[in-house]
Structures are given as C-alpha cells and as structure tokens.
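There are 2 protein chains.
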Amino acid sequence: MGDLVESLAFKNNRQILLVVLDGLGGVPRNGKTELESSWMPNLNRLAANSSLGLMHPVEPGVTPGSGPAHIALFGYDPVELRVGRGVLEALGIGFDVRPGDVCFRANLATIDSAGRVRDRRAARIPTAQSAPLCERLQAKIRRIEDVEVIVRPGIEHRFVVVLRGPGLSDAICESDPLHDGEPPLEVKPADIDATRTARIANEFIRRCGEELAAEPQANYVLLRGPALLPHIPSMAERFRLNPACIAAYPMYRGLAKLVGMRILDAGDTWETELAALQRHRDEHDFFFFHIKDLDKAGENGDFERKQELLEQLDEELVTRLEALKFDVLCITGDHSTPALLGGHSWHPVPLLIHSSYCWPQGGALEFGERACGRGILGTRRSRELMTLLLAHGLKLKKFGA
Amino acid sequence: MGDLVESLAFKNNRQILLVVLDGLGGVPRNGKTELESSWMPNLNRLAANSSLGLMHPVEPGVTPGSGPAHIALFGYDPVELRVGRGVLEALGIGFDVRPGDVCFRANLATIDSAGRVRDRRAARIPTAQSAPLCERLQAKIRRIEDVEVIVRPGIEHRFVVVLRGPGLSDAICESDPLHDGEPPLEVKPADIDATRTARIANEFIRRCGEELAAEPQANYVLLRGPALLPHIPSMAERFRLNPACIAAYPMYRGLAKLVGMRILDAGDTWETELAALQRHRDEHDFFFFHIKDLDKAGENGDFERKQELLEQLDEELVTRLEALKFDVLCITGDHSTPALLGGHSWHPVPLLIHSSYCWPQGGALEFGERACGRGILGTRRSRELMTLLLAHGLKLKKFGA
Chain Y
0 MGDLVESLAF
10 KNNRQILLVV
20 LDGLGGVPRN
30 GKTELESSWM
40 PNLNRLAANS
50 SLGLMHPVEP
60 GVTPGSGPAH
70 IALFGYDPVE
80 LRVGRGVLEA
90 LGIGFDVRPG
100 DVCFRANLAT
110 IDSAGRVRDR
120 RAARIPTAQS
130 APLCERLQAK
140 IRRIEDVEVI
150 VRPGIEHRFV
160 VVLRGPGLSD
170 AICESDPLHD
180 GEPPLEVKPA
190 DIDATRTARI
200 ANEFIRRCGE
210 ELAAEPQANY
220 VLLRGPALLP
230 HIPSMAERFR
240 LNPACIAAYP
250 MYRGLAKLVG
260 MRILDAGDTW
270 ETELAALQRH
280 RDEHDFFFFH
290 IKDLDKAGEN
300 GDFERKQELL
310 EQLDEELVTR
320 LEALKFDVLC
330 ITGDHSTPAL
340 LGGHSWHPVP
350 LLIHSSYCWP
360 QGGALEFGER
370 ACGRGILGTR
380 RSRELMTLLL
390 AHGLKLKKFG
400 A
Chain E
0 MGDLVESLAF
10 KNNRQILLVV
20 LDGLGGVPRN
30 GKTELESSWM
40 PNLNRLAANS
50 SLGLMHPVEP
60 GVTPGSGPAH
70 IALFGYDPVE
80 LRVGRGVLEA
90 LGIGFDVRPG
100 DVCFRANLAT
110 IDSAGRVRDR
120 RAARIPTAQS
130 APLCERLQAK
140 IRRIEDVEVI
150 VRPGIEHRFV
160 VVLRGPGLSD
170 AICESDPLHD
180 GEPPLEVKPA
190 DIDATRTARI
200 ANEFIRRCGE
210 ELAAEPQANY
220 VLLRGPALLP
230 HIPSMAERFR
240 LNPACIAAYP
250 MYRGLAKLVG
260 MRILDAGDTW
270 ETELAALQRH
280 RDEHDFFFFH
290 IKDLDKAGEN
300 GDFERKQELL
310 EQLDEELVTR
320 LEALKFDVLC
330 ITGDHSTPAL
340 LGGHSWHPVP
350 LLIHSSYCWP
360 QGGALEFGER
370 ACGRGILGTR
380 RSRELMTLLL
390 AHGLKLKKFG
400 A
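Chain order of the listed sequences is Y and E.
For the first sequence, position 273 (counting from the first letter as 1) is numbered 272 according to numbering that gives the first Met the number 0, and the numbering increases by one without interruption.
For the second sequence, position 332 (counting from the first letter as 1) is numbered 331 according to numbering that gives the first Met the number 0, and the numbering increases by one without interruption.
Mixed in with the good hints there might be a few duds.
[What the hints assert, rightly or not] Derived SDA-like pairs (lysine to any residue); straight-line CA-CA distance at most 25 Å:
(1) Lys396(E) - Ala170(Y)
(2) Lys324(E) - Asn29(Y)
(3) Lys31(Y) - Lys324(E)
(4) Lys397(E) - Leu339(Y)
(5) Lys291(Y) - Asp267(Y)
(6) Lys397(E) - Gly153(Y)
(7) Lys10(E) - Arg84(Y)
(8) Lys324(E) - Gly341(Y)
No lab work stands behind these hints: they were computed from the structure.
Looking at chain Y on its own, in the form it has when it is part of the complex (with noise of 0.2 Å):
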C-alpha cells in the first residue's frame, strides 16, 4: 500500500491542512457523545459540506498510544513502524532525537543498604528537587568510553537518558525489577552486537549510584525502554510534500520531526497556533495543526469540559481555518478518549475532509461519531488517510494506462 501511493505521489502547489483534535471521539452518555451533545453550528455547517468518515487508529478493537496513532495519521504502519517507549519519552521532553541515538526512560528511585530498590518512584519527589539532582548528574557525566552521555530531567521521579555514539544498540534488557524489595536488574544484551551498549548503560547506573550516594531519596537510578530511534523515510521523500507541524506539546512535535516535518515555533494556545498558521501559510503543502486540549478533559473523565472544549474550539477555530482557503481541509483524531473511559479508547475516529472533490451529504448533517459512521468514506484504518488527503490535493498520479 505504501510503495504504490509513493510510486504514484508527485509535487504541485495545492495544499493540505491536517487538523487534529486529540482524543476527538467518544462513547454516549444519555444517548449522546461529547461531540453530538456540543453545540458546534460551524462544525456541523463544514460536516454536510465534506466527506465523512470514521477511522481505526491501528485495528479496530485496538487502542493506541499516542505514538501509533500519530504515525499512522503520517502514512505510516503503526504495528510496523515501532517507536519505542526511550523514544517517546525523550520527544516527549522536546529532545532533539538523532538517529542513533539510544533513548531511555529513567527513574530517581530508592535503594536500600542490601542494594534492594525500596521505592522505584523516590517517594515520587517533586520535579523541583529532581530537576537540580538530573544537572548534577549531567555535569559529572558526560562521556562513558567514546559515548555521549544526555541527561535531561522530567517530571518528578523521570528523567531521560541518551546514549549518543556509534555502532550503539538498544537490544538490552531493562533495570528496572519493575517491583520494590527486589535489587535492580543487570543490564544485559540480547545479542552480541549490543554488549557495548549493555556495558555503558550499566557503567552509568554505577555511576550515578555513586554521585547520589548521599541523597535521603533519590540514591539510585532505574533505566526502563531502552529504544533507538528507527529509520524513517521522510514524508518528503514518500508523499513529496513540503510539511510542517504547529503543535503546542513537545511530543508531538517530537513525532512530527521524525517523520521530517519542520517544526514552526506555535506558542502553546490555540491562538499562538492559528497565528503560526496564518503567518506561514504560504511556505508548506501540509501543515499537520495539532490541539492537545480535549484529550486532557478525557484522560480527566470530564464529559462537560470535553463540551465547553468542542464548543469554544467551534467558535474560535473553525471558521478561521476555513478563511484559510487550503485546497484540503481535513479535521480528525488521532483516538478517541471518551470520558465515561477517562483515557484511550479502541473507538475509531470522525473523519472530515473537504475539499473541491468531496462528496457532502448534506442536509442537516452534524459531525458526530454516528453521523461519520454514516458518512461515504466508511470506515477505513488512519494509516490510509495520507493517500485520500494527498488524493484530494490532487496529488496522486494514475496508477497503470
């Protein structure tokens, strides 16, 4: 599926809006959805002038991470294309991840005299007293053999580790015991290639054990998911576009950039975001225009703040990006997070798209999940949507005379 759309993409100068509404869908309570319960007369007013459709993240039934769900809406096989936990982590703290680069999710935790780990979390120590402990660390090690060592701090008790430097692997066991009263793990390889990497990461344990020996908490460190950032080809070079990201979460815009996209400097409002958009709108083809909010008033289990969110985003938003005139205008999810399940969902997602060539049903169709799952482009697998959106651009080649 991939290599024939590759085959078939060539440039011209129309240009593709990506909107996506993170955790759009949801499940009814009373009889409605967050979305058919919000009052959205633009949304609605777009929806009977669009093609409607409904999308599986990855497979129905199966309920995605960020990560998946975001590679899939780039083109991508999510199952295929693994980004690993390390991975995520690092672009989730806005970390600039090269190729190479061996990513892990780390822990300040406590250890016992027996060396048994007391408290995987430090008492969950707060981000003001992590932080400071996460430089310290990163000045005294920079360098393990002929590795770059990157120490970055996150929230609390998490931080993130890189190991930069040739020929490394992330073949290699966790440290974590992943239960409290047991010793850390031993890092170890998985095959022979990766005994080097195995090496380093336990020589920094070692390290920061002895850097953090005198600390009341946070003595120890637990290294979880190492991963290695795999090779993508860009969306340039698969779907000849020239894209851009407007995201207000690290993470996203973490994704973005492993696919090749350029990353605009978009504030962290929807505002900031709309003004990115507008003052670039002339430099790219596809602009990927990402909003965090709604999947926050999900994961909180709050249907009304979902709502108000649905409704604000429909008089702020809308609109405005209409005025934009993008030859493809496509707005969507990557999940759903329906609140009545307070975080992801298998539930696949409404799906608009609008464009010249669209096929609107019209009438007083509203954009709900039982209105897309109405609507003419059925329910496909998000990884598809590149090619109906480069479709639509007309930016597709006929396949065969």
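Following the hints, put chain E in place on chain Y, whose structure we already have.
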C-alpha cells in the same frame, strides 16, 4: 494482527457472552429476509441499544462450512488454520480427538467380484444395519502395528476411523475413487514421513474387506479426508480468557474443544442450554453459546419455520440472556443459511454488540441484515470479532505509548 492482539490481551473480571445463532442471516422473499419479516420486539429493542454491523465469515463471497465459520468467530484465521474433513467428521460424532490422531471420514461401500466399486455408499445402508457392522470392525481390528485403530459408527453408510499412535501423518491420499465403476485407490503417502501411515491405512482397508466379504451390500470400506488434529494455541493462551462452551450439537462442542474451551454439560434444548449458562454464570469470563435450530430450518429451505424459530428465540431467550448482565453481550451467526438457498451462503452475518461502551443507533432500529449493514461497526471479517469483544470487555492494553 493475531500477534498484536495476543500481545495486548490481559485478564480481568469482565465477562463476555457470545451467542451464535447458527445460520442466522438470510435472503429476502417478497422483499424481506427471515429476520426482517419476523416479529422480534426484544431483539429489535436490544439492537436499538447496541452497536450493529455485518461480518464476512471468511472473505466476501466465500460460503464457509461450520468449521471455518466457527474458527473465525473464535478469533483464528480460518484460511490459515484449516481443520481437516476427517477431524470435523470425528468432532461431529462427539469423538474426543487428541493431538496426533489421524481421522478419516469413511464409507461402507459395495465392491464387485472384479474389485471395482459398485456403490460408494453401499446403497445408503440404514444406520440400524451399518452401526453393528462398525462395531464388528472395531471388535476385530483394534491395532495395526503399533497403532491403535478406533472405529465409530455414523449415519447410514458413513463412519469415522481414527489412527492413534506416535509419528502418524495425514499426508496420504484417499482410497475413494470418487466414481462408481472404478477400483478403490491404494492409499499412497505424499511424502516419505507418511509411508507408515499409508501402509497402516491400506492394511486397515484390507482387513475390513476380509471381515465384510460375506455382506451383501456393505462389503468394503473407503477412507476419505485424512486429517491430523492441527496444533492450535488455545484461547486461554492467546486471549487470557477462561472460556466455556454451551452447545447442544457435538460438532460445535468439538470445535470449541479445539481452541481449549471447557465443554459444559448443556443438554439438547434451548432450555437446558440456558440452564447450563445460568448455573455456570460465574465460573468463566467467556461463554460461547450455540443455538443450532435456525440453520436446520434454512437447510430445509423452510422460510416460515426459520421465522417461527426467530420469533420463538426472541420471546423465550433474549430477555433471559440480557438478565444475566454480562459486561459484553454479542449476538451473531457463524454464517447465513438463507431458506431461499437451502444451504449455507456467502452473505455476511448480522452482528450485535451490547456493552457500556457501544454506540447505539437508537430509534426504531431492527436487528436485520440491512439495518446491520448500516450499523456503526461496518462490515468486517468474523476473525476480527474477538478483538472487538476483548476491547469492549476492557481486556486489551494500550498499544504503544
């Protein structure tokens, strides 16, 4: 796909009830199918509060036998995982097939003095006469070389032969020449490892011929459809379920046993099946509940009888199944058996999933083929059903971070 779901499945206390109405779907007569023209207030009410869809048992256009149709419902790929004819025949008479057994469908046949098959079905000898002959064969032939030989009577000329012993193979040919007037075939091995099995099969046929020589009609046997029980990872292994089967017919109990279900003693009526479900309600997190009757009416081409049974099911079963308050209730079929066709068909099968997390369509929706075709679940493959049921049971971890 299978691998992905397996890697995400985990155990919790939520319970799933999968109700399989064998041969559920139909084809319109005077504009309405059996389902669409039945008076089913309970099923229609449930449908209005559930997610609906259609399922292709195997592929669009492919009519399945009961074996592949159920294998797919249980979450396995029915094209990859083929259960051979011999094994299905053995399961159909309630024989307890074990790994390594080679099973045959066998025929009592008539052979003439020149050694040609005169009647491949021994004039469809009545069961009352054929069963004692099978018992006689079993009494005389208990072992060939180091292999146990098991002979079990079936209906009329049909019976089952099982070879049980180490190192047997099903890579052997049938002895059935497929046309009257030709000599029976020698059983030949398809590869070197099957040499011994072929020899034993030929010896079995020879001894049966000796034993039956004096019979007027059934003086010979033909061996057909040799099949080894395939290795099948259980539903427990794959989906972390503790599954149980309630089915009145041996074939379906046999298929359920293949995937590791516990077979509950369920009698042979709806009432006894329902009583078994009520009795064991708390012992399992997954129940496969099979109702055979619709299929028989369809096979007989009896549209009215199928309608009558649907109305009876609606009245006698639906509310009592609902009253058991499973977290996930699914009602579907293994395949369609339209009365108009008098047999299994390729038509996709109506699907209903009820849980706290479904997307009901509300209104005056009915549980019929065309209403399901407009359903939010779309039209998918039966093998995807298990993923959806696990999802609705919150039994799948998030994929990726």
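**Report entry** Pair hint outcome, lysine 324(E) versus glycine 341(Y) [Cα-Cα no greater than 25 Å]
**Finding:** holds (23 Å)
**Report entry** Pair hint outcome, lysine 397(E) versus glycine 153(Y) [Cα-Cα no greater than 25 Å]
**Finding:** holds (22 Å)
Query raised in the report: Holds or violated: are the alpha carbons of lysine 291(Y) and aspartate 267(Y) at most 25 Å from each other?
Result: holds (10 Å)
Query raised in the report: Within 25 Å, alpha carbon to alpha carbon, are lysine 397(E) and leucine 339(Y)?
Result: Holds, at roughly 16 Å.
Query raised in the report: lysine 396(E) and alanine 170(Y): Cα distance at most 25 Å?
Result: holds (23 Å)
Query raised in the report: Given the hinted pair lysine 10(E) and arginine 84(Y), is their alpha-carbon gap at most 25 Å?
Result: holds (23 Å)
Query - Distance restraint between lysine 324(E) and asparagine 29(Y), which requires alpha-carbon spacing of 25 Å or less - result: Answer holds: lysine 324(E) to asparagine 29(Y) is near 19 Å, not above 25 Å.
**Report entry** Restraint status (C-alpha distance of lysine 31(Y) to lysine 324(E) at most 25 Å)
**Finding:** holds (22 Å)
The structure agrees with every numbered hint stated previously.
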